[in-house]
Amino acid sequence: MTSVNPYLFFHIFIVTIMLFVMGFYCIFFTFNLVRALIGVELLIKAVTLLIITAGYVTGHMALAQAIVITLIVVEVVFIVVATGVVIGLHGHNGTLDTRKLRNLKG
Amino acid sequence: MNILLLPILIPFIAGLLILTISSRARFIKELITLFATFTCVIISFSLFKKEAVFALPGIGFGIEFNLRLEHLSSFILSASTAISFLIALYCVSFLRSKPYAKQFYSYLLITLSFVSGAVLSDNLIFMLFFWEGLLLTLYGLIAIGSKDAYHTAIKAFVICAVTDLCMMLGIGLTGYLAGTLNISQISLDLSPLATTAFILLVIGAISKASSMPFHSWVPDAAVDAPLPFMAFLPAAIEKLLGIYFLSRICLDMFNLMPESSLSIMLMVIGGITIILAVMMALIQKDYKRLLSYHAISQVGYMILGIGTALPIGIVGGIFHMLNNAMYKCCLFLTGGSVEKQAGTTDLEKLGGLMRKMPITFGCFVIAAVSISGVPPFNGFFSKELIYDAALERGWAFYLVALLGSFFTAVSFLKLGHAAFLGKLRDEYRNVKESGWLMLAPMAVLALLCVIFGVFNAYPINNLIQPILGERAVGHSFSGFPTNFTLVLFTLIVLAAAIISHLIGVKATGSGVRAVNYIHYAPVLSKIYELAERKFFDPYEIGLKLLSALARILYAIDRLIDWVYEKLSINIVFGLSRQLRYWHNGDYTLYVAWSLGGMFLVIIFLMARG
Amino acid sequence: MQINYTLNLFILVILVAAGLWTVMTRSLIRSAIGLALTSVILTLLMFRFDSWLVTVFELSVCAGLISVIFISTISLTEPLTKSEVLKHMKARLARFIYLPLLILVVGVGLSFIKVNLNFQLPVAEIEADARKVLWNMRDLDLLGQVVIIMTGIFGVIVLFREMRRK
Amino acid sequence: MLSFFITTPLIVLMILNLPFRSLMKRIVFVVGLSLALIQAVLVALAIFGFWDIYSIPVSPMLRFNIGVDNLSLLLLLCNGMVVFITMLVSRSFIEEGEKRFNFTSLLLLSFAGVNGIALARDIFSLYVFIEVVSISSFILICFNKDRDAFEGAFKYIILSAIATIFMLTSIALIFLVSGDMSFEAVRAALDNSAHTSLVLMAIGLFLCGFFIKAGVVPFHGWLADAYTSASAPVSVYLAGVSTKAVGVYALIRIVVTVFGFDTPINKVLLFAGALSVVVGAIATLTQTDFKRMLAYSSISQIGYIVLALGIATPLGIAAAAFHFFNHAVFKSLLFVNAATLEIATGTREMDKLGGLAQRMPVTGVTSALACLSIAGVPPLAGFWSKLLIIIALWSSAHYNYALIAALASLLTLGYMLLLQRKVFFGSVGDHLARIKEGEWNLIICAIILAAVTVGVGVLFPFNLCKLIIR
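From first to last, the protein sequence lines are chains A, B, C and D.
Following my numbering, the numbering of the first sequence begins with 34 at its first residue and continues without gaps.
Following my numbering, the numbering of the second sequence begins with 324 at its first residue and continues without gaps.
Following my numbering, the numbering of the third sequence begins with 35 at its first residue and continues without gaps.
Following my numbering, the numbering of the fourth sequence begins with 77 at its first residue and continues without gaps.
Bear in mind the hints are in silico, worked out from the structure with no lab data behind them.
By construction, the Cβ of each residue, glycine as well, lies at the ideal position given by its N, Cα and C atoms.
Some hints could be false.
[Said to hold, decoys possible] Dumping the calculated DSBU-like pairs for lysine-lysine here, alpha-carbon to alpha-carbon at most 35 Å: (1) B:LYS478 / B:LYS663; (2) D:LYS512 / B:LYS470; (3) D:LYS428 / D:LYS221; (4) D:LYS428 / B:LYS470; (5) B:LYS755 / B:LYS421; (6) D:LYS512 / B:LYS421; (7) D:LYS428 / B:LYS889; (8) B:LYS889 / B:LYS478; (9) D:LYS498 / B:LYS889; (10) A:LYS138 / D:LYS343; (11) B:LYS478 / D:LYS428; (12) D:LYS512 / A:LYS138; (13) B:LYS478 / A:LYS138; (14) C:LYS121 / A:LYS133; (15) D:LYS512 / B:LYS478; (16) D:LYS498 / B:LYS470; (17) D:LYS175 / D:LYS221; (18) B:LYS663 / B:LYS608; (19) A:LYS133 / C:LYS124; (20) B:LYS663 / B:LYS679; (21) D:LYS428 / B:LYS421; (22) B:LYS672 / B:LYS421; (23) A:LYS138 / D:LYS175.
[What the hints assert, rightly or not] To be clear about the criterion: a stretch of chain D counts as covered by chain C if any three or more of its residues have a C-beta under 8 Å from a C-beta of chain C, and this derived list gives those stretches: (24) 83 to 91; (25) 182 to 190; (26) 212 to 224.
Bound-form chain A, shown alone:
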């Protein structure tokens, strides 16, 4: 705990970027609204990991934890509202297909 291994941080950084790639790939290539939200969740996980690591590496773990707790609250409310919108869309379209979301354009 006392000595920080810089390579660990580097590896975590790589893993974060890999998670980013996964999340964005998911948002791009899925045709399902719920899965798009899961992609967003993956992205948030990656960010959480990055913040915690940053706190750990710099020794400001208390602050990092405080931030992550707030972040989790925000995340939950965000997901609740987003799923509400998804369910509403399902009610109107009868499907979760993202390709049906092209009504507004131009």
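For chain A, the structure is supplied; the task is to place chains B, C and D on it using the hints.
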């Protein structure tokens, strides 16, 4: 309350007041308009030839609300208020049954307010503020004319907005170069950058005076807009303002040298405007449209005069501006009189109105001989001054000016013949002379034409010469021209115009069509020779050539229109449709844009960091 | 030290694997469960970084509550039947087959880059209690949390309750 | 005193959620309205120096890490004004009872959130309040539950989530460098760190997050859809203050207070701003939907603000802040007019409208004022801010951008005249023969906002600009 604020505030408040009054209460509006304009006349005459400065606290960055009255601005202010008053007087009768009277009065007053503001402002930004404000009233004044006037209004608006944009850039550049935005403190030598600023400012100024190539809305407005508007803005006020600013640019803000290429540029613009506009005027068959092309053509003389950068030319240009305001305004008012009484301005239909409307005819004759430059009317003296300066800078300019003068005379002979002489048609048997409210402004203007001609020493020595300050010391411009050769040429040209008119009338038996043949009278030696060498019948071929020329000019005119109206708009709308296509509603595409943008931003930052 | 480091690396690898499974699996329910699994593995990592307070939150809220929300959403929206899933499978596979490859390329490619890691780390301060930090220094965040939770409540009222009435 | 801006709406909301529901449902509209009005008036008085905003002491328990400057005051003023207008407009659109109670409560929460954004002095708190406003905007957009509203909201949610990710990543990277979140600490740390690539990445990510939230091209995909699909009062709110606060204000705040100006940052801002100005203005021209046209015009105007910010001189920042305020006023005014039109004619297709100025004089005149103000015609407010922007660009030697700004303002004039002509001028169609002016609340909104535009324009040289510059 400073007295300098009054000419700005009184008409503005009166204009707003009129908008709030019900359109049924006609007399109140007329009373307010007359009262407000008359007060302005009194104020501006009482301020005449005085000097005053007034400053309100500014907002910093060199933008200060400074008003400054000195010789030139007091003189322009008096002229514009006086003309506004006369037009208002005329409108009382002319607009009596028109539905748009309320808006017209209101816009007229607001226009007057903005003009006073623009003339009095000493700070370029505030001048620009008033200048842009004029754009609005211009739009409004044209648009109220008729149902189709909308297109013309848009055209005028677009053309003026584009040139005002140039002026805005010019003002920015000038402020940057001079380090101040106060006109009275700016004095720049013509470095390359300053030249750019100069050209940009000149574009704004000559566009306000509706010189070529910024003129194309004026003839359209002549048909669509209410007639007093034509007499008010394009004929008088805009010339005053545009040439005022042009002389400010050339005399005060920049040190324009007679040898410089900019001077030649201005003279070329002036010459082209004279000749092209007057040629367009020749082929017109409508009273108002013909006058409107002359309104453009006359600007050419002023620009030519000021562009020579010689004291005599500048005096001539400014004097011509003043004279033009009188006779052109008067001419438009006679047109309005004819329109009101006869119900048409089509020259094919008119004729023989001289007996029915003698006073109108008299005013027309005085104004027409003034504009044609017949001695001893005012137009003659200012034109002689310009000829003198033009000849000094090059015979070509002189020739162009003289040619323009010839065509002017010919077209006015045609106009007068077609409208007032000849046979009276049956349907105009009952035409009567207009009421005194309409005649009085005409008569006053016609009288002024004579006075400024016969007693030209007073205006030249007292009004115009002081503007030049040191440059004019030791010169005398008043009195009958000393160079009799030039006068002789002028007289020859006028005589030739009359002869050619008579020939034309004889050939066709009609005043309107007379001019078709007169274009090719032998005085136009170059064209004449060309025609004679190549063809049998100089008249016929010359007719074709010149009408082709006129058609080409017309096409150029339309091309300029087309660039303004169609080309730019089509390009922009095509782009817009393309953008619509790309916003296809797929959110993953939007996500992709965002990610792409993010990568670009980060790569850019990292590369620069 | 070496063991700790290896353990951390191992956790990171399974974190990536869980994320990959979340994205790649063809059933929505499994995808939601995969997300919860990712959360749990993240919790492990947090635990190893001595962030106990967050661990509790992450386990209960992210791994628990959010999974419940997702699963109930999926069941509310009547997911595809098995035959339909099979029908879409091939097209899905064609779209997602490149992901592991991409991840591999990104991971390997990044690990070869020499990143300048000698940024100035602030001196590690004496560890304060996270709760104290939250209450004393981050009080504005707490206020924000209150606002956002109320927003969430109204969101649920607007989006869910009125829907049920309809 | 400052914390009252956030706590008062919360406390009011808690009281409203007590028992006596039927009573509360009746008074909620008036309470919300007066709360917003009080804030607008108080802040306006504070701006003009009638009282000091720090003068009322509060107990230490309520003394958060918040602060205020003129920029914050401007946002507080806009917030009070626009929320007031939105509530008035919502009277015609949201039926009384349960629905209006929920709507007003959400609006009050968002109101508190925007106040939080204005006062926050800490990047993470700023983020939290941005999320508050964004999430309540999502709910408000799909408040009426029609199909398009859900679609617009979903696009907004996804793009907003990506913005959130950008910001949080950036916060994490900054955290790595600074170890603290408050503006001063971050600024000091960034100055010391001498802009390593890590820091530059953090800055870029933060900028991109705000670009998405503000709708700067090419991050703007969601904006038109969300604005168009939301119900009329929500459009007023979104265009007037919500996206302005979460995107534009936060961008100005972060760049001015935290990142500081640096040549690469300025270049990014200038380029993105100019691109938005041009793309937004061009895209408006072929729109047929009234609100969609206004949405694209919003993109263009936001571009002006970003462009002015990128100049990085005090004059540029003042111009950005001034245009920010003006835009809040005239764009809400236009959306109020859109609401009036929608309720009167039942359509937003401009091709089906025409000649409405005769039938709806107040709407016609106020809309013309707003259009002219956007187009920068003197003496309306928009003229001054655009003039300042162009002067600032010119005086800092960004000649090409000054040219673009000037040309685009011509384009703005063009599309605004187009809108005005299609909707308000011309002859009235038969199907519109029985159209009447909107209800009193809509007319009041339009008149208030038009008065502000004209008033600011006429009084500008002597009052507002000095305050902004100060």
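How the hints compare with the structure:
At most 35 Å may separate the alpha-carbon atoms for a hinted pair to count; LYS478 of chain B and LYS663 of chain B meet this at roughly 27 Å. For the given pair, LYS512 of chain D sits about 24 Å from LYS470 of chain B by alpha-carbon distance, which is consistent with the 35 Å threshold. A hinted pair counts as satisfied when its Cα atoms are at most 35 Å apart, and LYS428 of chain D with LYS221 of chain D qualifies at roughly 25 Å. With a C-alpha separation of about 21 Å, the suggested pair LYS428 of chain D and LYS470 of chain B falls inside the 35 Å cut-off, and the hint holds.
The hinted pair formed by LYS755 of chain B and LYS421 of chain B meets the criterion: a straight-line CA distance of about 20 Å does not exceed 35 Å. Between LYS512 of chain D and LYS421 of chain B the CA atoms are separated by roughly 28 Å; this keeps the pair inside 35 Å, and the hint holds. With a C-alpha separation of about 25 Å, the suggested pairing of LYS428 of chain D with LYS889 of chain B holds against the 35 Å cut-off. A threshold of 35 Å between alpha carbons decides the hint, and for LYS889 of chain B with LYS478 of chain B the separation of about 11 Å falls inside it, so the pair holds.
Of the pairs offered as hints, the one joining LYS498 of chain D and LYS889 of chain B holds, with about 19 Å between alpha carbons and a cut-off of 35 Å not exceeded. For the hint pairing LYS138 of chain A with LYS343 of chain D, the CA-to-CA distance comes to about 31 Å; that is within 35 Å, so the pair holds. Taking the CA atoms of LYS478 of chain B and LYS428 of chain D, the gap is about 26 Å. The hint holds against a cut of 35 Å. This hinted pair checks out: LYS512 of chain D and LYS138 of chain A have alpha carbons roughly 31 Å apart, not beyond 35 Å.
Between LYS478 of chain B and LYS138 of chain A the CA atoms are separated by roughly 33 Å; this keeps the pair inside 35 Å, and the hint holds. Between LYS121 of chain C and LYS133 of chain A the CA atoms are separated by roughly 19 Å; this keeps the pair inside 35 Å, and the hint holds. Annotation: proposed proximity of LYS512 of chain D to LYS478 of chain B holds, straight-line Cα distance about 33 Å (limit 35 Å). For a cut-off of 35 Å, the pair hint linking LYS498 of chain D to LYS470 of chain B stands: about 15 Å separates their Cα positions.
With a CA separation close to 12 Å, the supplied pair LYS175 of chain D and LYS221 of chain D stays within the 35 Å bound. Of the pairs offered as hints, the one joining LYS663 of chain B and LYS608 of chain B holds, with about 18 Å between alpha carbons and a cut-off of 35 Å not exceeded. Between the alpha carbons of LYS133 of chain A and LYS124 of chain C the distance comes to roughly 21 Å, so the proposed pair stays at or under 35 Å and holds. Between LYS663 of chain B and LYS679 of chain B, the direct Cα distance comes to roughly 13 Å. Compliance with the 35 Å bound is thereby established for this hinted pair.
Taking the CA atoms of LYS428 of chain D and LYS421 of chain B, the gap is about 31 Å. The hint holds against a cut of 35 Å. Among the hinted pairs, LYS672 of chain B with LYS421 of chain B is consistent with the structure: their alpha-carbon atoms are about 24 Å apart, no more than 35 Å. Distance hint between LYS138 of chain A and LYS175 of chain D is fulfilled; the C-alpha atoms sit about 29 Å from each other, no more than 35 Å. Look at the segment 83 to 91 of chain D against chain C: 3 of its residues bring a Cβ nearer than 8 Å to a Cβ of that chain, three or more, so the hint holds.
For the segment 182 to 190 of chain D, the stated coverage by chain C holds: 5 residues have a C-beta nearer than 8 Å to a C-beta of that chain, and at least 3 were required. Counting residues of the segment 212 to 224 of chain D whose CB lies closer than 8 Å to any CB of chain C gives 6, so the stated coverage by that chain holds, three being the minimum.
When the structure is compared with the earlier hints, no violation turns up for any of them.
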